[in-house]
Every structure is written in C-alpha cells, then in structure tokens.
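S.K.: Going by this note's numbering, the first residue of the sequence shown is number 1, and it counts up by one from there.
One or more of the hints may lead you astray.
Said to hold, decoys possible - DSBU-like, lysine-lysine: derived pairs with alpha carbons at most 30 Å apart:
| id | residue 1 | residue 2 |
| --- | --- | --- |
| 1 | Lys112 | Lys88 |
| 2 | Lys112 | Lys72 |
| 3 | Lys47 | Lys112 |
| 4 | Lys88 | Lys176 |
| 5 | Lys72 | Lys140 |
| 6 | Lys88 | Lys72 |
| 7 | Lys47 | Lys72 |
| 8 | Lys88 | Lys47 |
It is worth saying that the hints were derived from the structure and are not from the lab.
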Amino acid sequence: VNLGVTPSAFWLRFTLQNDTEDGIFLKIDNTSLHELDVYEQDLLSNKVIHHPSGDLQPFSFREFTSTDYLYKLNIQPHHASVIYLRVKHPQGTHFEVSAGTLPSVMTEQHQKDFFQGVYFGFMILMVCYNLFIYITIRDKSYIYYVVYILFMSALNGANAGFTFEYLHPNSPIFNKYLDVYIVLTGIS
1 VNLGVTPSAF
11 WLRFTLQNDT
21 EDGIFLKIDN
31 TSLHELDVYE
41 QDLLSNKVIH
51 HPSGDLQPFS
61 FREFTSTDYL
71 YKLNIQPHHA
81 SVIYLRVKHP
91 QGTHFEVSAG
101 TLPSVMTEQH
111 QKDFFQGVYF
121 GFMILMVCYN
131 LFIYITIRDK
141 SYIYYVVYIL
151 FMSALNGANA
161 GFTFEYLHPN
171 SPIFNKYLDV
181 YIVLTGIS
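Work out the full structure, taking the sequences as your base and the hints as a guide.
M.R.: Structure representation (structure tokens):
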C-alpha cells in the first residue's frame, strides 16, 4: 500500500479469514510508521480489540520484539474477522500488509534479518579496513570514507528499525528526526 506523502491519517478495512487450525498473525512491513492502530472486530461476537502501536511509542510497547509490526489476531479457526487499520506518517505512508501463521511469518522475518546481518557485517568490515588503511598511510580521504560508511549504515539501520530497537528503544522522539540521518549522510 502506498498512500503518498501527506499529514493525513488513512483508514483501511478488510476481512481476514482463518482457514488454518493455528493462530493468525498480521504483519505490517514498515518500521517507521508514526501512528499505527489495528482494530480487530470479531464477526461472531462483534467484540473489538485495539492494538495501538507506531514508532512514537517505546519499543517495549510492541506485542513482539520485531522491527516490523506483528500482531496476534484472535480469529478462531475457520472464522473471519474484520480488520481496520489506521495509519499516519507524514513522511510517506507506504507499507506491506501480510497475514499468516507464526512459522510462515517468522520464516520470512528470519530471511530478512539474515540479509540485514550480511549487510551490516560487510559495513563493519569496510569501516575496519578503511580505518586500517587510514592509520597506515594517513590519507584523509579514508577517514572521510569511514564517516560516510558510518552515516550510511546508521541511515539504513534507522530505515530497518534497528536503531530504534537497539540504540534508543525508550526514546521514540528520535524517530521523528530520521531526516537528520539523511542530511548527515549527504554532508559526509
């Protein structure tokens, strides 16, 4: 879903059928949505369950320790629920919505985390290598390159949700200033 750049909040409604014997999980694949509310309406009892979230709340408020938003839905096997999403993000509202059993959702998350780990491991290797070259030959261009790599890694870490999870999980106000990472990367 791509709703563009706007300060407005958007509502989405869809019906989700549980055709399994297991629980169903809803995954919103965007780590930086400022306001995200999931409402689940059981069609049998008309009961509504609210799952508030967003990157303006502390990381510990999430139902699961995941950079993406993951919710366990209360849909009974072979029944359906109506899901309402309220999404607001002033810097571009785009996200992917998927649903599945816990093993299927976690398999996808595990693959994504593996490739992120390869990327950040390579960036650490690049920083160490270029610091070694700088210390050896004292050419300033290598230290500038190290700074660039660090800011680029911080930007990608912020986009992937890792800076929020590991650097400032109890200070969600920093998530409003993702643009600072972008500016510092450009300046470096």
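S.K.: So, for every hint listed, does it hold in this structure?
M.R.: Structure-based check of all given hints:
| no. | hint | result |
| --- | --- | --- |
| 1 | Lys112 x Lys88 | holds (25 Å) |
| 2 | Lys112 x Lys72 | holds (20 Å) |
| 3 | Lys47 x Lys112 | violated (34 Å) |
| 4 | Lys88 x Lys176 | holds (13 Å) |
| 5 | Lys72 x Lys140 | violated (51 Å) |
| 6 | Lys88 x Lys72 | holds (21 Å) |
| 7 | Lys47 x Lys72 | holds (16 Å) |
| 8 | Lys88 x Lys47 | holds (24 Å) |
The structure is inconsistent with the numbered hints 3, 5, although it conforms to all the rest.
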